[in-house]
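Colleague: Dock chain B against chain A, hints included.
Below are the chains, spelled out letter by letter.
2 protein chains.
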Amino acid sequence: MPAFMPVGTQATVKGLTISQLRAAGAEMVLGNTYHLALRPGERVIERLGGLHQFMGWPGPILTDSGGFQLYSLAKCAEVSDEGAIFQSHIDGQVVQLSPERAIEIQESLGSDVAMVLDHVAGLPSDPEFIRDACRRTVDWARRSLAVARRVDQALFAIVQGGLCGELRQQCAQQLTELPFSGYAIGGLSVGETPAQMYRTLDVTCPVLPPHRPRYLMGVGRPQDLLESIHRGVDLFDCVMPTRNGRNALAFTDEGPLRLRNLKYKEDQRPLESQCPCPACRHSRGYLRHLFVSGEMLGPILLSAHNLTYYQRLISGARQAIVEDAYTLYMAAKMKGWGE
Amino acid sequence: MPAFMPVGTQATVKGLTISQLRAAGAEMVLGNTYHLALRPGERVIERLGGLHQFMGWPGPILTDSGGFQLYSLAKCAEVSDEGAIFQSHIDGQVVQLSPERAIEIQESLGSDVAMVLDHVAGLPSDPEFIRDACRRTVDWARRSLAVARRVDQALFAIVQGGLCGELRQQCAQQLTELPFSGYAIGGLSVGETPAQMYRTLDVTCPVLPPHRPRYLMGVGRPQDLLESIHRGVDLFDCVMPTRNGRNALAFTDEGPLRLRNLKYKEDQRPLESQCPCPACRHSRGYLRHLFVSGEMLGPILLSAHNLTYYQRLISGARQAIVEDAYTLYMAAKMKGWGE
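If you read the protein sequences in the order shown, they are chains A and B.
With the numbering used here applied, the first sequence corresponds to residues 1 to 339, in that order.
With the numbering used here applied, the second sequence corresponds to residues 1 to 339, in that order.
Bound-form chain A, shown alone (with noise of 0.2 Å):
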């Protein structure tokens, strides 16, 4: 069944409190594992019980590997067979992460889900670098399962493989023959076509076992959202919906709206009407004036709607799946998100 993580990198998920996160309907969060390890250091963290206690979220917390920031953030990272080296983003002071410290900063945080570290290849990239990255990958993914300690804490591989089919049936393969309790698709969101990205899904899905949860990491868009449920995704997470909503873009069924626009000026109507979000008790005409008078109030009600946006798309698409109105529910909400 589908559910969405909003991003909570640095152990807050940007702008909501607890209760307003919990509000929104989010049931389950994402930390960083790269971001954490450089500040506050996984062991301030556990000496604050636990990345739940940390940061005030009883539900499940899934930590990513550091692996995409790697490829995104770290300066200067030089990755071999035995990890990586980088400099932090923070201070520039050199870092090592390697599989099994992935996992040691994992088991300190104590999420629910670790993610095994993976080598992301950017697109486009040499197909025997991607290759190279694959294979990386997979003996990375053994070496983590190896040290992994922690009874209660679930291990996730991740699928690698740029947009080349072969190298990504390969590598699914190849992971699920490893006792994982989950499996990510990784690499993916970094500058390639809805299509190519659906397409890669389109591949890699039916390797996946079927009764293990599948991740598509960093992915996206309400379309993108649906398209991949439809595709047999489980799990998501993206910063787009606080990311855009502190950008003044608010998410509605009618697509994308822009609150800047002068045209919101005076418009007494919420974003939507349906909606119980806080920003939903207010009318477009105070939101915009929120962001043109430059009011942290502007970004935290949009990120609380956006969120709210999200995880009731994501509730809509479990009643439809239980239902088995799955298809009927995707042509439904794709008319505000159409291409």
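Careful: at least some of the hints might be erroneous.
Any copy, or any two copies together, can satisfy a pair, since identical chains are not distinguished.
As the list claims (entries may be wrong) - The calculated lysine to aspartate or glutamate pairs, modelled on DMTMM-like cross-linking and capped at a C-alpha distance of 25 Å, are:
no.: 1; residue 1: K333; residue 2: D253
no.: 2; residue 1: K265; residue 2: D91
no.: 3; residue 1: K75; residue 2: E295
no.: 4; residue 1: K263; residue 2: E46
no.: 5; residue 1: K14; residue 2: D267
no.: 6; residue 1: K263; residue 2: E166
no.: 7; residue 1: K333; residue 2: D152
no.: 8; residue 1: K263; residue 2: D324
no.: 9; residue 1: K265; residue 2: D253
no.: 10; residue 1: K263; residue 2: E192
no.: 11; residue 1: K263; residue 2: D139
no.: 12; residue 1: K14; residue 2: E295
no.: 13; residue 1: K14; residue 2: E272
no.: 14; residue 1: K265; residue 2: E46
no.: 15; residue 1: K335; residue 2: E192
Just so you know, these hints were derived from the structure itself, not from any lab.
Modeller: Chain B in isolation, oriented as in the chain A frame:
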């Protein structure tokens, strides 16, 4: 009975939703004529249902007149007996503000309490300049009364007079001869010492009518509130709880707590163990992490905590007054806030 109004200058108390504001214990909030007339314009707010509807605050609202902003914020303000001409701090546009215009704006906003436009003299100022500003303030108060039409809107006058006891008393005397619903003490918290402020209250409060609310504008620190309540002040507003909260300073009964300090890094305790606010569901270590990481949730949580602190301080004062135990209450609370 004393009350504290959180400051919602631009129709939002910075960083808090309406339900968080209620949960902090706020009963009445302050909005600002100057800011709201410039952006989004009082007509826009009127068309969106008035200030209560616009910001979603169902409780009472007091709007300041803009007099203080002419002193603190407007560029090149020229004040004459007629009114003031200034450049907007937003776009440099030339704007005029008169006592009549300030009433007109506030009647459009539909606040429960409107303030007359006053002429704030900075400190130190020439005695003749202060005397002139007083005369003008009384004249403007008279003109405001003459044009105010909304029977559902109370009008408060503002006593000026700098640090000169004689001028303060004279200004208060002249204003109390006019039928205002309440009396404010303005022109303080502009750089004078606490002792000078208290002395000004000592000479002014006795001249004010006992059965009309007395509002000390823009004040202040917890100890200032305690000292001022002792001298007969009923109503306060101040940006300190929210502004200091955004800057990682927390108010507690033990005094201020600067959360960026390294000593809180692994501090498991909440800011205050008895505080019901959302910040106090977390450890000081977590709150420090939020500020060090530049996360929005730090300013949000500390704003909520500080407003809750102020409301609890004031609510305790009310309780103590009812029990005829204010002196004891003040002495106990001053322990953390004594100079």
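Colleague: Could you work out which of the previously given hints the structure breaks and list their numbers from low to high?
Modeller: 6, 7, 8, 10 and 11
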